Every structure is written in structure tokens, then in C-alpha cells.
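Use these hints to put chain B onto chain A, whose structure you have.
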Amino acid sequence: MDALQGIVNGFSVALTATNILMCFLGCLLGTIVGVLPGLGPVGAMALLIPSTYILGPTSAMIMLSGIFYGAMYGGSTTSILLNVPGEAASVVTAIDGHQMARRGRAGAALTIAAFGSFIAGTLGIVALMFFAPPLAALALSFGAPEYFSLALLGLIFLSQLGGGSPLKAYLMAGFGLLLGTIGTDLMSGLTRFTFGNVDLSQGIELVPVAMGLYGISEVLLIAERITGIPQVIKVKLRELFPTAVEWRRSTAPIIRGGFVGFVMGLIPGPAAILSTFIAYALEKRISKHPEEFGKGAIEGVAGPESANNAATAGSMVPLLALGIPFAPPTAMLMSALTIHGVQPGPLFMKQCPDIFWGVIASMYIGNVVLLILNLPLVSVFASIMRIPQHLLMGMILVLCLVGSFSINNSFLDVYILVAMGLGGYVLRKLKFDMAPLILGLVLGPMIEKTFRQALYMARGDLWLLLQRPITATLLASGVAVILLSAYLRRRRSRK
Amino acid sequence: MAAKIQKVCYLIFLVIGILYLLGSLLLPIGALATPKGGLFPLLVAIFLIGMSTALIAGFVKGSPVAVEAVEDFPEGKDRHRVLAVAIALILYALLLKPIGYLLSTVGLMGAIVHLLGLRGWIRVALAAILTGVLSYCLFALILDVPLPRGEVFP
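The listed protein sequences derive, respectively, from chains A and B. Under this note's numbering, the residue at position 328 of the first sequence is numbered 328, and the numbers go up by one with no gaps. Just remember that this note's numbering sits 495 ahead of the position in the second sequence, which is counted from 1.
Bound conformation, chain A alone:
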């Protein structure tokens, strides 16, 4: 099935009443999550995975993907109007976006952010459509050593590029791998680290871990600092139109941001966040008026906002084509697929074309929905910030608790949720990145399985594995990233 035939089939799936509704719901929830600082798309996806049990896998994926890319749209609203980034990927937007708002150009900044997101997001989906199938075809020739090295590379990149201490990130990744080994070893049937607990033999579920680390810990962080209701800059509908000059100045940054975002999305790591910083730096460097950046340059809104949306499309490529998530939001999507009994991988496109193409087609629809939702209703979304924190946090807690219990009807999942919430609070205060832990837990079983299969294949001869060109290249890339990062860190500390 070629890409065009596939996308036509995809639209026939995505345009059913249920899937349109799920797409709308996902985009709406994503925008709300993006507007609200704290929870983020990973926490929201974790909260909603249990509620997708009543849906089929296609509808579930359409809704959860909508939350992922919808959050990128919503994040810009509070960045521009309040200087409070709803999402980490919208931090950069606040720099120039809020300055524009203070100068009375909030409407223009919001429109450019929304159109930039729409154009770059759509271009990203086009690239995803044409990029994923050949990559999946190439991945069919991958064996266990290639998969092992690719998954390991994902963990290395995410740990190195997270921004904080790489040692701490590796510690988190190691802890995630540890959690992934608890339960029944699928290759031998051996139960490991279960202490005789029957519930533990099924392994540690991702959902309570993610809900604890992102949801419960957020409630504890909020409890630290009770704040009043913020003042939101009001935007009228007629103020939303940018001037011709603003449009002209934004066009090229949107295209460049889209390109940067998509490429960054393909690389393991926090793509949506990193791409915004790179796009901002790029625009500032090539601008004829770099002195305007930080004071309300529209390019500083257009570039990063386009980049983070294209990055979400890019990060879907490794998940859909290889079955390997390179970032926590795609790890949640993979978890959702697995819960619905679907195994992502290179055969996913052939075995489940309805899900593969249905999700891609829904992303086109979702981008249109988001554009419609985000512009006229921008003030409505911004007013979500006026909901009292105690009510919002109460609702998040209830969703976390019900969601965790309902996965397996197990009290153990509630205990894990609370333990991860309390631990996550302390770890977040100590600047530990949670993403490597999540990815370690998701990729751990796969890394172990492919590692052992690779050892069987090579009869224990590690040198034989390194003679496979793709494996050697991927592992060498991992080593190079570690060395390069250590070198740059040392040079920076000497300065």
C-alpha cells in the first residue's frame, strides 16, 4: 500500500463519527492540558489511558495522539497572555510572545502561534506519511542486535540531551530498567523480585508510575505554593489579525521551524522542547534585527511554535515505523497500543493499516480542529487558569486514583501510584529528570529481550555483534554522544 492509497484509507477510518469525536476530544483535552501549567501531555495521557478501554485501539490512539499534539497548541496561550508557559515546549514562546502581548499585540502573537503550529504540524504529518513507510520497510531487515542498539541509543540520547546532569538522568534510566525487570521474565517464565506477590508477577504498569511521577507529584508541588487567580490579558476577536508585515516576517520562520522540529522529532530525546530552543536560536542568528529578540520579535514566536508541533509529528515516526518510542509521550502511546493488544513494530503498518493510517489522517483533521479551537476560543482557554487550584488538583487526584486502580483492579497499582508520587516530588525538587525513568521502564523489557536474543545469536561473542554495520553504527553514535557531551561539559566548566 503506497502512502497516498494509505492516507485515503486512513481518512475513511478517521472520518467515522466516533473517531472524529475522539479526535476532537483529544485536541480539546490537549489544549486544556497545554494551557494548565504542570500536568503536561504525559500525565494527561496516563490519566486517560484507562478510560480508553471502552474504545477500540484506533479510536484510543486517535484521542491520545490528539492530547499529545494538542498540548503544543495550548501551551502557547498562557505563555503569551500570562508569561506562564503551560508546557515546557512553550517556555521559549513566552520570551517574545509575552512582550508582544504587553505591547498590545497579543492577538497577533496568538494567531501566528496557531497558524505556525498548523502549517508546521501539517507539513510534519506529510513528512511522517512519506517517511514512516520506507523506514518500516528498512526495519524489517533489523534483527535483535539492531533493535537492542536502537533502544539503547534512545535511552542514551534522552539521558544526555535532557539538559540536567547526565549522571542523574542515567540513574533514572537505570531505575526505570530495574522496574522493568520486576515480574515474570517472558523468555523463561521465571518470576523476579516479586516477593511472592501475585499482582507483582504481572510486572509494574507504566500508567500508575507515570501518573505518580507527573500527576501526584504535581499536586504536592502545587501544595507548596498556594497562589491566587492570575490576571489574564483579554483578547478580542478583531485583535487577532496580524498585520501584513507580521505575516511576511513569520512565513520563513514557520517553514524553518517546521523543518527543525521534524528532524529533531526523529532523534531520541525531548524533541519538542529542544526544537524550540534551536528554532529560536536559529531565528535570532539569521535575523537582520537580532536586537528585537526578547523585546517582542514575531519570529521568536513563529519559529519555536512551529518547531514544537512539527516535532510531535517527527517523534511519531520511530514509534509507528519501528515500534520504539524515543520520548515519554510516545512511550505512553505505545503503552496504550500494548494495553489494546496491538504490538507496534515494523510490521505494524502492514498488520494494522487502519490504526497506522487512521492515526496519521486524524492528525490532519486534528490540526484543523486545533486551529478552529485555539483562535476564536483563546480567551475561554485562558480563563481555565481561573479555576481554583484546590478543585483542579482534587479532580486530578480522583482521576489518578481511579485510573490506577481500574487497570488491573489491583490495590498494588494504587500503592505504586502513591509511592511514585511521593518519590517523584522529591526527585523533581532535586532536579532529576523523570523522562529517562519512564523510557527505561517502557524500553527495559524490549532491551532485555533483544539483548539476550542477540547474545544467543552471536553465541556470546560480543565482537560478532559489533561486526553488524547498523548495530556498530548505532552503538558508536551512542558512545560519540556521551564523549562529545562530556567534552563540551568540561570545556564549559573550564570557562
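Keep in mind that the hints are not guaranteed to be accurate.
Simulated pairs of lysine-lysine, BS3-like, Cα-Cα distance not exceeding 25 Å [claimed, not checked]:
hint: 1; chain 1: A; residue 1: Lys284; chain 2: A; residue 2: Lys295
hint: 2; chain 1: A; residue 1: Lys449; chain 2: B; residue 2: Lys531
hint: 3; chain 1: B; residue 1: Lys592; chain 2: B; residue 2: Lys499
hint: 4; chain 1: A; residue 1: Lys431; chain 2: B; residue 2: Lys556
hint: 5; chain 1: B; residue 1: Lys592; chain 2: A; residue 2: Lys431
If you want the footprint, here are the derived chain A segments under chain B, 3+ residues with CB under 8 Å [said to hold, decoys possible]:
hint: 6; region: 181-187
hint: 7; region: 401-411
Chain A side only, calculated, beta carbon under 7 Å to chain B, not exhaustive [as the list claims (entries may be wrong)]:
hint: 8; residue: Ser165
hint: 9; residue: Leu171
hint: 10; residue: Gly394
It is worth saying that the hints were derived from the structure and are not from the lab. Nothing here was measured: the structure is a model prediction, and the numbers come from that model. Virtual Cβ for every residue (Gly too), placed ideally from N, Cα, C.
Then chain B, alone, in the frame of chain A:
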């Protein structure tokens, strides 16, 4: 304060790594050509011990990778509030099985909304009962999600 907690945190991970190592040594490890279920946990344990030891050593030497600028933990009333929320969550987890979803959720919500700023006992009680009952109706009765019924108070 935060720096001390940071050091304790590294030590906890070291202890976890050592205990995990001991646990993995009790499992069949096999050989490189015939790896068994204990090999991967053994490698992960060594990795965890290595990373936590490196962080402890870095902390002692004052290396920037181990002594990052961390957020201060809250003091005074703010700390009490966070601790109270944490205790409420732990109590909830412990009471969920004996008293079931409805009672424990109403209790937890009462504590949380009060701790997070809602004042006036009637408003707190109303918010807690409404959240508990409405969420029970939504999940258990409408969405048919099984919720814990409780052993003592079903």
C-alpha cells in the same frame, strides 16, 4: 537542606542498587552464550551502583554533575502543608481496601481541598462529598469502571 537530601537520595539509590544486585545473584544468570533471567538484572544493578557511586563521589568532590542547583524544600507552614497532603495520600492508600472508594475519597478530597486553600467547613464538606459522590456515579454507575467496595464498609 536540599543538598543534604540530595546526598541521602544518592545513598538510597546505592542501597537499592546493592539490594537489587543481591537479588539478581539469587537468580540463574547463565553464560554469555546462554543468558538466563538473572543476567540483565545483574548488569542493571552494576550500572545503578556505578551511577550512584559516581554521584556520591561527585558530591563529595563538589562536581557540577552531582551538586546541581536544586530547588529548596519548603519551610514552615508550606512544609507542613506538603507533609499533610503526603500523609493524606498514604492514609488513603491504606484505607482504600478496608473502607472502599466512596468513604476514602470523600475523606481525601476533604483534606486536599482544605489544605489547598478552600476555607469554611461547610464548603469543604460540600466539595468533598460532591467530588466523591459524583466521581462514583460517573465511574462506577455510568462508565461501569469497577471501584473498590471496601471490606469493612462495603
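Against the structure, the hints:
no., hint, in the structure
1, Lys284/A x Lys295/A, "holds (12 Å)"
2, Lys449/A x Lys531/B, "holds (11 Å)"
3, Lys592/B x Lys499/B, "violated (36 Å)"
4, Lys431/A x Lys556/B, "holds (19 Å)"
5, Lys592/B x Lys431/A, "violated (34 Å)"
6, 181-187, "holds (count 3)"
7, 401-411, "holds (count 6)"
8, Ser165, "holds (4 Å)"
9, Leu171, "holds (4 Å)"
10, Gly394, "holds (5 Å)"
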